[in-house]
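Based on the provided sequences and hints, a complete structural model is requested.
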Amino acid sequence: MCASVNWKGLILLNKAGSYIQRYWTLYVMLLLPIAFFLIFRYWPMINILLAFKRNNIIDPIMQVPWAEGVEIFDGAITVPGMSNFQQIWNHPPFRLAVRNTLMFSVFDLGFGFPAPIILALLLNELKFKKFKRVTQTISYMPHFLSWIIISGLAIRLFSPSSGTFNSIIGSWGMEPVQFLSAPNQWVGMVVGLGIWRSVGWNTIIYLAAITSVNPELYEAAEVDGASRLRRMWHVTLPCIRPVIVILFILALGGTMGADFERFMALRNHAVISMANVLPIYVFEWGLGNLRFHWATAVGLFQNLINLFLLLGANVIVKKLGGQGLW
Amino acid sequence: MKPTRKLKGAKIGDWIIVLIMLGLIALCVLPVLTVVASSLSDPGAIVRQRVSFIPRLENVTESIDAAGYVVMDRTFPIGVHFEAYTDILGNSNFMRSLAWTAILTLISTLFSLAMTVMCAYPLTYDELKGRKIITVMILFTMFFQAGAIPTFLLYDQLNLLDNPLVLILPGFVSVFLMIIMRRFFLGIPDSLRESAEMDGAGPFTVLRKIYLPLSTPVLATLGLMYAVGRWNGMADALWFLRGAPEWHPIQMVLFNILQGVTPVDPLDPGSVSTAGRSEAVQAAAIVVAMVPILCVYPWLQKYFVSGVTLGAVKG
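As they're listed, the protein sequences go chains A and B.
Using the working numbering, you'd call the opening residue of the first sequence number 334 and step up by one each time.
Using the working numbering, you'd call the opening residue of the second sequence number 2 and step up by one each time.
Quick caveat, the hints were computed from the structure, so don't treat them as lab data.
As the structure is a prediction and not an experimental result, all values here were calculated from the model.
Fair warning: there could be bad hints in the mix.
[To be verified] Computed from the model, here is a short list of chain B residues facing chain A with C-beta under 8 Å:
id, residue
1, Leu25
2, Thr35
3, Val48
4, Leu155
Virtual Cβ for every residue (Gly too), placed ideally from N, Cα, C.
Shown next, in the form of C-alpha cells:
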C-alpha cells in the first residue's frame, strides 16, 4: 500500500521532472517580460489608492490617511474616502476638461472614424495598380510624423502673418482664417489634423478585410446591373462590417481620453481653455499645481469610464448578434 | 447600347477616383513641402509671404528715385540656400539631442524586440502551464492602466525621475505588438517545430534555429513601430525628465524650439529679418527631425501592412 503510493508519487514526480526539463527554458524566457508587466504596469496601480486619500506624496501610500467621506441622500449614507471625487466634480476646469474631451471624441468618432472606411472603398475601386501603391505609401506618411512635427507644419501653414494657407487665400482677396487663435477654428484644425494623420494608416485594416471579400459576390452584383456605388454599399460594406464593429468598439473605449501629445503640441495661449482635455488637466493640476490626489482621481475616473464603455459596447454588439472583441 | 453606356460610366468613375486620390496626395505632401520650402528660403522672402511650396531667395536693389528718396526694389527668385541648416546643425544643443535620440532609439528598439520575442514565444506553447493566467494578466494592461500620477509616483520611488532609463524601461513591451508577434509565430507550421523536437531540439533551439529566421519580416515591422514610437515620443520626457534637459530626446527639444522656450535665432532681437530667420531655422529643425523616419518607412511598407493586418485578425 505504502509502496504503491510512493510509486505513484514517483511517476508524478518523474512527469513533473520531465515537464520541467522540457519547458524550463520557456519559463526563464518569460521571467523578464512578467517582471516588466508586474513592475511597470501593475505596481503603479497601488498608487491609485491616492485617489481616495489625502494629498501626501512624501509618506508611503499605505500610511497616508484616507480622504473624508461624502454624504449622499441628504446625509443618510456616508461613502468613505470619496471627497476627492466630490472636489474635482465641483472644480470648473475639470468639468470643462470632461466637456472638451467628450467634444473632441465625438468629432473624432463622427468624422475621423468613417474617413478611412470611405478612403478604403475608393482605393479598392482604383484600377491603376501602380498609382494605387504610390497613393497608399504617401497616405501612410502622416502617421509617421509626431504631433510636435505636425504642430510645426500647422504653424507654417496657418500662421495668420506668414502661413502658406493664409497667404494663398489672401492673394485671392479673402480674410485670413484664424486656425491657431480662434477657438472654433482651432477645434476644426485639431480634428482635421487628427483625420489627416490617421486616415491613410487606418485604411490598412479595412483594405485587408476588403481583399477577403468573395469576388463572386461582385460578379453576381454586376450581373444584376448594380452600379459601382451600389456594389460598395450592398457588397463591400456588409462584408467588412465585423471589422468596422470591432474597431468602433475599440474607438469607443477611448471616448473619455485624448492624446496628450496632440493637445500639448497644438495648444497655444489663445485657445488654452479649449485645449484643456483630461490628460492635460491631469498634467497641469497634478504636476503643475501639485494636486496629486485630484489628478489620480481624474485618471481613475477616465480609465473606469473608458473600460465601462468598451465592455458595454462589446455586450451590446454581442446582444445584437454581432461579433464582439472576444 | 446598354453595355457601352455602362463602360463609359465606369470610366468616368475611375477618373473621378483618380482625381480624389490626387487631391489626397496633395493634402499629404503640400504641408510637408511648405516646411521644406521655408527651411531653404531667405528669411526676407518668408516674412513677405512669398514662400508657399517653392523655396525663394530675396534680392534687394537700392536705387534713388527722382525725388532723391532711396527705393528698395525686391525680387524673389526661386532658389535655395542652406543658412537655416547650418544654423540648426551648428546648434550644439540640437545636435547632441539628435545623436542621443539616435542611440536611444537603437537601444530601446533592440531591447524591446528581444523582450517581445521572449514574451510572445513561450505563449505559443498551448501545453505550457500557467499560459492562460499570464496571457490574461498581460491583456488586462491593454484595457486598464494605472494612470499618469500613480506611474509618476512609482518612478519617484524607483529613482527613475530625471534618469535617462525612464525613456527605455517603461516602453519595453507593447502588448499590441506582442500579440502581432505571437500571431505570426502561431502561423508557422507546427510540423517544423515537431520535426526539430524529434531531433532533440529544446524550445530555445527551436526559437533560434527555426522561428527567428522565419520572422525577419515581422521583426522588421515591430522594429519600425518601436523605433518610430521612440523617435517621435516626447510625453515621457515632459513628465519624467523635467530636471534633466540634457537627456531630452529630439521631439522634446523641437517642442521647446517651436514653443519659443529655446531660442534658435542667432541674430540680435530687433533685427529686421529676425522673425523670418527663426521661422526658417524652426522649419529646418522640423525637417531634420522628420527625415530619418520618412526615409525608412516606404521600404518597410510591405512588412508593416501585413503586420497591422495580423494585429487586426480576431483570435
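Going through the hints against the structure:
no. : hint   : verdict
1   : Leu25  : holds (6 Å)
2   : Thr35  : holds (5 Å)
3   : Val48  : holds (6 Å)
4   : Leu155 : holds (4 Å)
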